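Here the protein sequences come in this chain order: V and D.
Under the UniProt record's numbering, the first sequence has 430 at position 430, and the numbering climbs by one with no breaks.
Under the UniProt record's numbering, the second sequence has 545 at position 545, and the numbering climbs by one with no breaks.
These aren't lab readings, by the way, just hints derived from the structure by calculation.
This structure is a prediction, so every number in the text was calculated from the model and none was measured.
Among the hints, a few may not be true.
Which copy is meant is left open, because identical chains are indistinguishable; a pair holds if it fits in one copy or across any two.
[To be verified] In the DSBU-like style, the derived pairs of lysine-lysine whose C-alpha atoms are separated by at most 35 Å in a straight line are:
1. Lys367 with Lys564
2. Lys600 with Lys705
3. Lys189 with Lys461
4. Lys658 with Lys275
5. Lys609 with Lys367
6. Lys758 with Lys600
7. Lys517 with Lys275
8. Lys458 with Lys556
9. Lys658 with Lys428
10. Lys728 with Lys174
11. Lys733 with Lys458
12. Lys564 with Lys658
13. Lys401 with Lys211
14. Lys600 with Lys211
15. Lys556 with Lys189
16. Lys241 with Lys517
17. Lys459 with Lys517
18. Lys600 with Lys458
19. Lys658 with Lys733
20. Lys211 with Lys144
21. Lys733 with Lys758
22. Lys401 with Lys660
There are 2 protein chains.
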Amino acid sequence: MITPWIIECRNFSTAREAIMRTGNIYQIANGYMGYRGTLDEFGPDELVGITLAGIFDQVGDAWREPVNAPNGGYTRVMLNGEPLSALSTPVESHRQSLNLRDATFERETRFSVQENLVTIRATRFLSAMRPHLGVIRYSVQCEKAAELVIETGIDANIWDLNGPHLIDLQFESKSAALLVHGRTHEAGKCVAVAEAAQIHFGEEIQRVEEKRNLRCVRLHAEAGETYSFEKFFAVATDFDKDHHPAINAALDNVQQAIGIGFDALLHEQRAAFAKKWAHCDVELEGDPQAQQALRYSIFQLLIAAPVKGSGNSIPARALSGQVYKGAVFWDTEMFMFPFFLHTMPDIAAELLRYRMHTLPGARAKAKTEGAGFKGAFYAWESQDTGEDACTYFNIGDPLTKRELRTHFRDKQVHISGDVAIAMWDYFKITGDDSLLLEGGAEVILECARFYYSYAYFKKDKNRYEILDVIGPDEYHERVNNNAFTNMVAKATFEIACELAAYLGQTHSGFLADLVRKIDIAQELPLFAEAARQLFVAEPDPETGIIEQFEGYFGLKDVPVETLKAQRIHPDEYLGAAQGLAVPTQVIKQADVVMMLNLFKDRYSAAVKKANWEYYEPRTEHGSSLSASAYAMVATEFGALDAAYAYFRMTATLDLEAKYKVYVGTVFMGGSHPAANGGAWMTVIFGFAGVRTATDRVIITPRLYKNWTRLAFPLAYKGDNFAVTITPKSIEIKAAEANRNAALFELWGLALSCAPGRKLMIERPQEHQT
Amino acid sequence: MITPWIIECRNFSTAREAIMRTGNIYQIANGYMGYRGTLDEFGPDELVGITLAGIFDQVGDAWREPVNAPNGGYTRVMLNGEPLSALSTPVESHRQSLNLRDATFERETRFSVQENLVTIRATRFLSAMRPHLGVIRYSVQCEKAAELVIETGIDANIWDLNGPHLIDLQFESKSAALLVHGRTHEAGKCVAVAEAAQIHFGEEIQRVEEKRNLRCVRLHAEAGETYSFEKFFAVATDFDKDHHPAINAALDNVQQAIGIGFDALLHEQRAAFAKKWAHCDVELEGDPQAQQALRYSIFQLLIAAPVKGSGNSIPARALSGQVYKGAVFWDTEMFMFPFFLHTMPDIAAELLRYRMHTLPGARAKAKTEGAGFKGAFYAWESQDTGEDACTYFNIGDPLTKRELRTHFRDKQVHISGDVAIAMWDYFKITGDDSLLLEGGAEVILECARFYYSYAYFKKDKNRYEILDVIGPDEYHERVNNNAFTNMVAKATFEIACELAAYLGQTHSGFLADLVRKIDIAQELPLFAEAARQLFVAEPDPETGIIEQFEGYFGLKDVPVETLKAQRIHPDEYLGAAQGLAVPTQVIKQADVVMMLNLFKDRYSAAVKKANWEYYEPRTEHGSSLSASAYAMVATEFGALDAAYAYFRMTATLDLEAKYKVYVGTVFMGGSHPAANGGAWMTVIFGFAGVRTATDRVIITPRLYKNWTRLAFPLAYKGDNFAVTITPKSIEIKAAEANRNAALFELWGLALSCAPGRKLMIERPQEHQT
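When you get a sec, could you build the whole thing from the sequences and use the hints?
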């Protein structure tokens, strides 16, 4: 049965890989931290992880990664000295679930042990209102009377890819709270976890053993009696922007929570989530599977969204662990940002603030890569400072056990433009220029400056070119004039020019100061020339196909499966310099198709169709970014079945967790917020056909065949609208609180929608399918 | 004992690798064909090869390579039915020798077999005057009377790397000559071998067996009696420029030879070689080992030099086999050409004619590589048409058994400039502009045009750059602004300008026609700008060191031996994209040092010293081109011991044959004419300090410590001079037949040397060491 708000499973596999995948599916998070969907009694071998957002540490030569906190959610039950664990104890029944409505995780496990049946139930959530806080209700019940010991507290045995990150671990107790704290390796800053519990039964002693700070409650459990307690843990660090000392902050949080209690906290949680969902829930009738997958995807974005004021963004694996170094990629701007921009623009702004405060890192990277460039070269893998966490040898080769030289870091230059485009889109769609003045304008100008400094001029062709790059298709490194990259660079030059014109008219003093501050007066006039004279590959006049990069068409045309059959090792990377895909037309992910999606106004449906059909069979979809681009572009030329198939791929990626978990020798498991964002975009921009322009919202629906109703909120120009689409109609409802009327173009008909008003139009004859 | 003119060995190893190496050391050749130094009774397993110059064939997907001819030199002796072979028969004694004076190979083997001692003696040479002809005298002697069968004729079982190349093999006899002929696979052209012998003993029958066309001579050998016969073989093909049908040509040649006889042909051979040596022998007194090695090196160049009018050049492995596809590399212009230019300019001209007639291939390559370029992009591995024989996957990886993508073919752009520089040097040193008019001017302009079309302009730095190349150091592919390449390109632009100026003054009609023919009027003026504005890396003002390419100094500084210790397989290639050397400063061969040698006038001794000392410990010398560059540059700043060590490396490379024979999985055994040329250059340009400029010959000797006298001929501006250098003096003798006086600058003193005159000057005080 498909339940629209509940994700549930009723079996338990002890296989390590299943535990890893389940841990991803059932994770919860609150922007400050993520807590993997593991069971209370689990430890580091089961990949329990409480991953902290925006806090990084490096140990030795291993790569820098997010810090995992000691597990304050730890609890296990001993029956006559035998610990109960779903891993090792016979399980009579098991159920675990994730409630998307309020981000609570529940488990109920019945153990068949020592001729008794012991049932453990637990509910937990990470507070949406109190970012440091985790909240748990735990209970145990025995069919027959038994002697139990419940161990609960903080487990400092933690899963780390490149840890341990915390040194000088201290195990303390203070005013009935347990405390574990340590210092990070690199910065030497404190990470503290406090735990408090209200246990009204048994006999409690505190004990520290094997890096666990525990309260051990000995009790004689009566048959059929439920022994239930509430526990709270809090994580705080000296990295936190509020500057409270970590230990105090952690202790304060759990002490407050004890005072409030589980039920009130859960109530608060539900209210907070109701508010979130009101801004972004998509109701999709007629297709329960799609509804569930889409809601799960949106949920992933909600729980990963940064805490306001934190200056954090969303990493490529969100808060599901340390994979991909906890780094922020272009995924955020291109695949997650649009969701927030059109639902919760304040979070979209938070994502952009991350790029604003990492501008120094991007500037430093520009200076040091290659021959040394000007401007801002944003990191491929961006951590807290914006320095690039990506090494020059980023993929392990299972054949030789060596690290492969890859050029993600030094040649994937489109990222700067992706950031600039998002920054400008924020202004265009919200109408709010405050972010530009706060630092966004500087980001845009520095990105344009970077491209100018990266570009070469080809005198005999009288054009600028962008050489030696990696486009989205990372299987072909160091190519010239990648269609996607060149278009992104051109757009960046154009945006810089528009920005300068806008600021010149509206904030001329600010512009003058900025130009002086970053000393860009000489370069500004060149951007217009570069925008005009930068080469971009146009569709072939006969076939409509755009060459992905110079020489792509000359590569060997090999079916993807034939190519993959040539692998010596199943995890062999197909790219880098010597990968099997390199001499072929097999690409990792949407590249030209991604460009057609990003610049959809520039290309006809016929060109979209021609390129989709050409590149689709050549795409391996080795990246989670690929499917949604194919899905969206397919809706543009009416290939709705294909679009739906790719929509399903992107929307169920994390829910089904059937993804590949190794690239080369590197573990890559975790969630895929870019695919989640892609699922939302496919429904809203693709099937609903929403296009937000500077002066209007255009909606040209192309609902999938079984879909009877699609309803979603839309944030536009600081106002809120509710959109409902059926096969026969579009309804727009403007919120009462809206400040301005907005122009909607529905099936070609332009209508203004004033605050509090509702528009409803029927599908015109010519748009019937 | 070191014998100055004879190379000899007195033992015989049956190890396959020893036979391979000995076959290289003792090879003979006459420009038309090479004959490896194998024994008469050997076959394909012992790498017997008669490799034909300039004749190529491709079978299936294997690479195209030179054709080996059936072995007309085959002879074996059977004693009571048992074949005698140095491989399988007990050898009592063995001696084989190569006479450098006349290019004759001799062997004498005494077999201890069936309680008898059988001695086989043979002498063979390939006629220097008759390119098709091989000449052999063979004798057998038994200590005790015995029944012998001598089988002699043509063995069509031939060694091929990628063969067999001859199909439809026919075995015939015609007017007492044996004949084997077949068609090449690709072009279907005839290759014919005829053999004639004068055998005045025994009873002869003709027999064809196992692809051998044989005369079998049965005789009762008396004890102690020597049975000697002469045999001649001739190879002719329908590829030959003289256009005689191959079969007739082969038959005619052996029939003529029979008429002339061995002794007269040997006499002719000696006269021909005496003439060659008169133009090029270097007498080096005080160092017999160096004398022998140097003479052996010169000998290699003499036997590899192309037949006049053939339009051939010298392949990287000369005529020692099919290795490196029989292809011509930049080795020829940079390492062999200077020897011929200064000794036998007519052969230097022949080498350049090869580049003139392969200009269409270079033009075609320019059009099809990368984004498509204009002008002439000469092949990295150039065969008969100038098409590039190099594949994009040119090195096998012993670890994965896959072919590695290498960029020798598409990115090693300095070759065009190397050709242009040699073309211009010919004009400068000989004073003869006929070659320019014959096609050399067109080559130069097309090379400059290629660089212009390859170069990019960097607007913010106001300079042209040469991007994405491989320099001489092939371990670092796809680098920007390689110091060597940029200087070569700059020189090419300069030469193009000088050429246009010269032709404008002296042959303005020709120039106008040429400019019209190749439609270059628009581009010509740009070459001067490019010559001026092309970036070349200058020595660091503090250290004097020149960065090999952009970013080189940022690479890891790892000792060569440490790096090599990291290899998983001993034949693992250190370059290509993922090779161990790529992220390090370890380089394959002289690159900046090669540039300092090529443009020696541009750099001070201090800069040469600084760069030599920086790059030398970082050089792996994975190419035979490396040692002589290091040797020559070391003489420029007085490091004569180091120069001598590198001189020995280059001069003994082929004589000692201790080189590596595998690169990756590819067999690379064979001779190294570039190292041979490097040995000559090191003695003449290095230790003798000869510099030939446009208006004078400058000699600043820096003889090595034990060298008491160095005497050599020198061709300059069409005249001939004999130079004798001792530690105390320089003597110049102008030939009687000279047409002009030449200016010599000896130890800084400029003196004119008229035809027939002798100059002798003593070493001035300030040049004493």
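So, going through the hints one by one against the coordinates:
no., hint, verdict
1, Lys367 with Lys564, "between (39 Å within a copy, 33 Å between copies)"
2, Lys600 with Lys705, "within (24 Å within a copy, 77 Å between copies)"
3, Lys189 with Lys461, "neither (55 Å within a copy, 44 Å between copies)"
4, Lys658 with Lys275, "within (32 Å within a copy, 80 Å between copies)"
5, Lys609 with Lys367, "between (41 Å within a copy, 31 Å between copies)"
6, Lys758 with Lys600, "within (29 Å within a copy, 83 Å between copies)"
7, Lys517 with Lys275, "neither (41 Å within a copy, 78 Å between copies)"
8, Lys458 with Lys556, "both (28 Å within a copy, 33 Å between copies)"
9, Lys658 with Lys428, "neither (38 Å within a copy, 71 Å between copies)"
10, Lys728 with Lys174, "neither (64 Å within a copy, 95 Å between copies)"
11, Lys733 with Lys458, "neither (53 Å within a copy, 54 Å between copies)"
12, Lys564 with Lys658, "within (18 Å within a copy, 42 Å between copies)"
13, Lys401 with Lys211, "within (34 Å within a copy, 49 Å between copies)"
14, Lys600 with Lys211, "neither (55 Å within a copy, 69 Å between copies)"
15, Lys556 with Lys189, "between (53 Å within a copy, 32 Å between copies)"
16, Lys241 with Lys517, "within (27 Å within a copy, 73 Å between copies)"
17, Lys459 with Lys517, "both (33 Å within a copy, 23 Å between copies)"
18, Lys600 with Lys458, "both (28 Å within a copy, 32 Å between copies)"
19, Lys658 with Lys733, "neither (39 Å within a copy, 86 Å between copies)"
20, Lys211 with Lys144, "within (33 Å within a copy, 94 Å between copies)"
21, Lys733 with Lys758, "within (4 Å within a copy, 108 Å between copies)"
22, Lys401 with Lys660, "both (19 Å within a copy, 26 Å between copies)"
Of the numbered hints given earlier, the model fails hints 3, 7, 9, 10, 11, 14, 19; all others are met.
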